[in-house]
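Enquirer: Protein chains in written order, with the numbering used here: chain Z, 247 to 562; chain A, 247 to 562; chain U, 247 to 562; chain B, 247 to 562; chain Y, 247 to 562; chain F, 247 to 562.
There may be inaccurate statements among the hints.
Identical chains blur together in the list; that is why a pair holds if it fits in one copy or across any two.
Said to hold, decoys possible - Pairs of lysine to any residue residues, derived as SDA-like cross-links and limited to a Cα-Cα distance of at most 25 Å, are as follows:
#1 Lys364 to Glu424
#2 Lys364 to Asp250
#3 Lys364 to Leu261
#4 Lys431 to Ala324
Keep in mind the hints are simulated off the structure, nothing from the lab.
Note that the structure is a prediction, hence the values are computed from the model and not measured.
Listed below, chain by chain, are the residues.
6 protein chains.
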Amino acid sequence: MPSDSFFHPVSGFDLPRFAGVPTFMRLPHVTPDHAQFAKVDIGLVGVPWDSGTTNRPGPRHGPRQLRDASTMIRAQHATNGMRPFETANCADLGDVGPNPADIQDSMARITAFYQTLKANNIRPLTAGGDHLTSLPVLRALATQPLGMIHFDSHTDLFHSYFGGTMYTHGTPFRRAVEENLLDPKRVIQIGIRGTMYDSEDRDFAEAVGIRIVTIEEFFARGIKDVMAEAREIVGDQDTYVSYDIDFVDPTFAPGTGTPEVGGPNSFQALQVCRELYGVNIVGADLVEVSPPFDASGATAFLGVSIMFEMLCAMLA
Amino acid sequence: MPSDSFFHPVSGFDLPRFAGVPTFMRLPHVTPDHAQFAKVDIGLVGVPWDSGTTNRPGPRHGPRQLRDASTMIRAQHATNGMRPFETANCADLGDVGPNPADIQDSMARITAFYQTLKANNIRPLTAGGDHLTSLPVLRALATQPLGMIHFDSHTDLFHSYFGGTMYTHGTPFRRAVEENLLDPKRVIQIGIRGTMYDSEDRDFAEAVGIRIVTIEEFFARGIKDVMAEAREIVGDQDTYVSYDIDFVDPTFAPGTGTPEVGGPNSFQALQVCRELYGVNIVGADLVEVSPPFDASGATAFLGVSIMFEMLCAMLA
Amino acid sequence: MPSDSFFHPVSGFDLPRFAGVPTFMRLPHVTPDHAQFAKVDIGLVGVPWDSGTTNRPGPRHGPRQLRDASTMIRAQHATNGMRPFETANCADLGDVGPNPADIQDSMARITAFYQTLKANNIRPLTAGGDHLTSLPVLRALATQPLGMIHFDSHTDLFHSYFGGTMYTHGTPFRRAVEENLLDPKRVIQIGIRGTMYDSEDRDFAEAVGIRIVTIEEFFARGIKDVMAEAREIVGDQDTYVSYDIDFVDPTFAPGTGTPEVGGPNSFQALQVCRELYGVNIVGADLVEVSPPFDASGATAFLGVSIMFEMLCAMLA
Amino acid sequence: MPSDSFFHPVSGFDLPRFAGVPTFMRLPHVTPDHAQFAKVDIGLVGVPWDSGTTNRPGPRHGPRQLRDASTMIRAQHATNGMRPFETANCADLGDVGPNPADIQDSMARITAFYQTLKANNIRPLTAGGDHLTSLPVLRALATQPLGMIHFDSHTDLFHSYFGGTMYTHGTPFRRAVEENLLDPKRVIQIGIRGTMYDSEDRDFAEAVGIRIVTIEEFFARGIKDVMAEAREIVGDQDTYVSYDIDFVDPTFAPGTGTPEVGGPNSFQALQVCRELYGVNIVGADLVEVSPPFDASGATAFLGVSIMFEMLCAMLA
Amino acid sequence: MPSDSFFHPVSGFDLPRFAGVPTFMRLPHVTPDHAQFAKVDIGLVGVPWDSGTTNRPGPRHGPRQLRDASTMIRAQHATNGMRPFETANCADLGDVGPNPADIQDSMARITAFYQTLKANNIRPLTAGGDHLTSLPVLRALATQPLGMIHFDSHTDLFHSYFGGTMYTHGTPFRRAVEENLLDPKRVIQIGIRGTMYDSEDRDFAEAVGIRIVTIEEFFARGIKDVMAEAREIVGDQDTYVSYDIDFVDPTFAPGTGTPEVGGPNSFQALQVCRELYGVNIVGADLVEVSPPFDASGATAFLGVSIMFEMLCAMLA
Amino acid sequence: MPSDSFFHPVSGFDLPRFAGVPTFMRLPHVTPDHAQFAKVDIGLVGVPWDSGTTNRPGPRHGPRQLRDASTMIRAQHATNGMRPFETANCADLGDVGPNPADIQDSMARITAFYQTLKANNIRPLTAGGDHLTSLPVLRALATQPLGMIHFDSHTDLFHSYFGGTMYTHGTPFRRAVEENLLDPKRVIQIGIRGTMYDSEDRDFAEAVGIRIVTIEEFFARGIKDVMAEAREIVGDQDTYVSYDIDFVDPTFAPGTGTPEVGGPNSFQALQVCRELYGVNIVGADLVEVSPPFDASGATAFLGVSIMFEMLCAMLA
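Given these sequences and hints, build the entire structure.
Expert: Okay, here's the thing in structure tokens:
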């Protein structure tokens, strides 16, 4: 069904890309009180939050920088010709306002916002925020345990940090499994690498049936083969896609808090998304973009390029 | 008259300052087709344009970076307690869309936009753009020759560049005098310094009666004395205020294309605005902020701090 | 009493300043379990923490960058010839380990650490951390209400943020007054400026008797006069000195989260410390240095230069 | 024929590479009025110009930064042992002086300069400048329609921008085909990618017979195979080589105005040039290096490394 | 044999990685006068020195930045599960104090320090410093001619610079062969590329039997094959490993003085180390990290990631 | 006497300032073998050298960055109307080629070059290089002991470093006094500040009669008064002017190796030069500009602005 022209982004042929108030991909800014809200199919949402960060902070600044970079995105996919903004009503739904000094309050606010989206049948494409963001989002979306395709250099499956702290950006999916938001047998984590504290996270993954694809396996088998397995694991049921920008090699994506060298390049970073076509995606996020460590803005531009790819995958 | 609450900016106590789609000073985004447009008293407008730049480019990126930095501006003036957003209906009117490859076309677009504002009794506070921006704005505002208080390190009064090119950021006020948009006897230029090509611009100023205050005179006499003279020169008739960020020392405002060392510091940069109270300001601009040369964003933050001061002066 | 040679810093004449494991001012690293701990007179402590930050994060990285920059500090004060490291046993006591995902836990850890110092008669010179750091430090030091000389562009006297959050870097001294850690009549805040949310903080200051010196008053009266008043206000009783780097103009100290333009320059930043001589200083801190916003390291170098001045003032 | 020793560059063994007035590859600076001008075989020319840029500006600063970086280039090719400066008389011919505020005037100046080169049998190796630079150069060189091997992420084949503007960096080769400067059947564009406005440019390419190799095809087939096709397409007739630095992945070449992620790495960036040997190259350019977006200078160094490879290809 | 717990690094689960005085990999700081010195098996040593640099300086700042970045390294190798700090007593031995204005004095100081290590059976893992560092280290370690596996883009085999200067970072291995510190027939250099002054260095290599693997050969054959040859060349006798960070492509490792484009990526940079297992490594170095050209710290982080890999290889 | 038009710089009205091969102030490049060499009155010379640097390196890159920035300098002095390039034949004499790995060899090369200038009655205006540069220059110029006006934050009068090293950037004027190149009673050092190793340098100054003006005295008395004393001290005999960029506050001049906070601003940095008029200047230098620590180029632009002021003072 063709989209409503209200939802078409501004073209760079009409207004230069450096001009205008920057919304995600130059889409209209449609907050929940907006008259067009109910018509939205895909909502691009910012979650400017990093209270779960144990290392270098900054993802709270992610959504704004991603919006700025996103004005470089045009209307049509170069490889397959898709024009996603003509396929569905896409809009920038603004940011969820977090409480930077209270983790529990912030998580409650995020879950509440996404419940509103779910109630309006709006599928979210989220720009984080650190990876703890995924947990309150999943709490809103997972009416039953979801599958998940997870791109990352870390498993984010740890039990706790600093002597018992349960909610950090290293623990969201441990919590999500415990809270029955994810079906671990339908979860695959791709790109895992970097020095390890210990193997507690991997032991947990093995115990509950989460599939981990290390970076060595990823490079050895190739994208097509790994992603075929991913599609098989999640099957045709509801699936969430979580993309931590530190999946990508930090040379290509320096603006992140916990980089691990030796990752995929930017072409591979896009290619994995093109292998998501056919997955039943109920929501997706791109997290851990940290502008203070991204002086040139390159990470944000790669980030929104990935978001565009995920958007196309959600509509394929 | 108290302003309409629709026009109140979002508070940092409610939504953290790093969150949200960035408009000027977190004001509502009200384009000419918006239902509230006719109620606007002061319109903050971006002119993302630098085709008149003869030296280092970049002011086309100014409005967006200024919007970003402006989310750090709060509601109340620290010195005098003014709360400008409660005094008048202020709004972000968006950007004028320029044609970066055609100077004449861009000037026509800018003039047309500001004519709309004038027709709606909206006083503009402009974020440039290079200094040529002032010319098409003046064409819309000057139904009769205006006075002008002009802060700058350059006179921008040259006849032409590169063998006869008449429209550059070094010529706008020469043109404005020739086109009868400015009354040269009611024009004062403050802060002039830097090495000179020759004295052609100053000879013109002297010939038509424009008052030039060099930086040496500025420092020797002090702000209060110089600004008293400025107020006397423009009198109580309609006056335009043009503030080139390169008036400020480039250490405080590095993000500009043609810096000249040895200028005012940031405290002085604000103080001059506080001496504008009482001037009959029909419009004001802050120009030549060039983000590519402002890696830290400091220039943009100083720029919007100056814009806030000018806004208060427009409402005092 | 001359200091123990164990506590003399390494000279740049012997080991180049870029060499060696960086401790504060090249002093020995003496943790509480170290044999020399009991001999320490002045302890330089890092509190790498920014969970109270409502705006741009980063002070968690402050202590390390301050240590790095501090290897540029030499042995003797240029103006008065003091050689502080020969006057008292100074040492780098390391960092207090915070819990970046739990504010209350972190505050408890900080207070416990400083209680150990107090129990050993070690006066602390702290490198923050955001300004909430001062609260748990004061809880350890204030056996009775202290006086305070506070350099800052903000009062940090707000009641709460985001609908009731009591512990942020904008509230520490409101809490400290409420908890009877500070005697408000012996508190002076110097350098206050910047746009304001509202006047709630200033109203509180007035109600309890805290003296606020705005930046305009500071510049108008001059350093000597303002600091004479400061010394008179705190008298000869126990006094804390809290120095927020955003007291200094952000051009001189860009690496901070909530800059306000129009502040003192670096010469003035040092001069105020030289007017602390004679004050009975029980502890001092330098907070809000944020390395992610300090690409060149200039803020850290100014910060440690201020720490050296405060150290001399503690020993004068 | 061995080159004249006058044209040998200064060695880094004699004068350190950071020393000396920087000319391209440390060659002699030979302007048209220089006594040795007529002896020049290959002229390295700067065109510091970006008036055709619709997006982020800066290539006007390209030639100077490329000269600076080029002092890192030595005398001999590592792979094949070529010593180009001993094979032909190479010189830095200086910059063409553009008029940054007048596109037509600038194009006329550029064409005139290159006509002088052509009249003196000097083959040009150009350092841009944005991609519109290629058009006035081709006007001077193309006495008959030329073939072209074009490395880029964009086709630069658009009809017009912003409602009819015909001369931008997105249109040069559309104009060149229309003006009969290029034989479209002997043109190949390699590396095309990125989101698209629409397919108007590709439709034109198809209509006139220009061969487009997308990045997916490029990676799938490999450099040797694609370049063999390129050599076959241009044949042994006169051919121009145009190398837009945004052909390379922006992580390797961040200093450009319109980056597209997912491109070749720096090894591949050089390898494509090594497959040009045997092509009858009448001129070559390296365009779109934008120093304001290249803080580290890495793009410029890669750019001159590519220029060295193209120089060797012109002499092979 | 399990290591002594004294030598276990601080965990990021206990103390956040941004906290604490930064030693290499958060190991204890054990200088030669320390009580535990004699127990050390592997000593991590900084040599903050760049007096041999003929081009862009900066490696004197390398050790400190590498220490800072190294706090991101955790305890366990992700691929093979090794926990090196539990296998051997590893410690940060501090920096050798150089004399930045006297090359001969500095070399004497370095050799003396490493003789102490050798006398205590401590195997060194060095963080340079420029590549001349390897020469005085080899003078201490080579009681008989050593084999060497050398990763670099340059051979560093030149005879002399600037008319007869024998000690620069371009000559260490020429000297080492002349001084009989290396057995040239057991030396392999991998990754050689970049424009060349001439072939004098390669001619020397061929004459004495040093094996050079150019980058083209490296990419064509693949890591496993090249490294198998390397292991065969050095055999099971004592071998030194020298890793110049400019072996890696400068996009991945920009912080170095003499970059050459077209090198390995960060995954390959690690993989070559994983093929060192089985080599009899008597010492290793990572040199030429230059922080002034590494604004983001990415090079240092890659550098310490390589050091971790080499450490594991020394203990495999 | 009016200058020869050959020596007139290129105007920014003819060739944009970003264009052209960058020579100092766009003057002709006249090396000693050039036909016009004998006509030169004032020679601008680069000494790209930093082997005397004990701290952060980089001044070897100074001359090139200063040349680049100097294309922003125009023809006429704004305050007094002087047009120096029309008053004397000024030229860029290129760089002295140093030997970066041999201090004595470099000093010999520098002295030899300046002896050639002296033999040709060319007065040098030098762009360093670190401050050791002044010593070999003085050896060439001082046929009898010279007076010196020295702007700096350090005295550079130390005896030796690192256990007896006599030639560093902290010792040149100790050596110059010992070698009878300077008459200490005609030497004044202005701006001295920063923490001190000890008072050995100041004791020497006092012993031989060198006048030291600390920064406190400088600010207290004001520029006019201090400079009147400076002129009186040097009298009308031959005088050298040495300007270390670290005289200026590091916020205004960050690109230097040994910054000291609390110095003059950029206006004051220029004003001191304007008080040199009437001094009999036989040569001048601007040293310690270190581009690797000057990401924005601001220090270089201030540096060349100071060089322009010194040039005018040499011709006044």
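Enquirer: Are the hints correct? Go through all of them and say.
Expert: So, going through the hints one by one against the coordinates:
| no. | hint | in the structure |
| --- | --- | --- |
| 1 | Lys364 to Glu424 | within (22 Å within a copy, 44 Å between copies) |
| 2 | Lys364 to Asp250 | within (21 Å within a copy, 34 Å between copies) |
| 3 | Lys364 to Leu261 | between (33 Å within a copy, 23 Å between copies) |
| 4 | Lys431 to Ala324 | between (35 Å within a copy, 23 Å between copies) |
Checked against the numbered hints above, the structure violates none of them.
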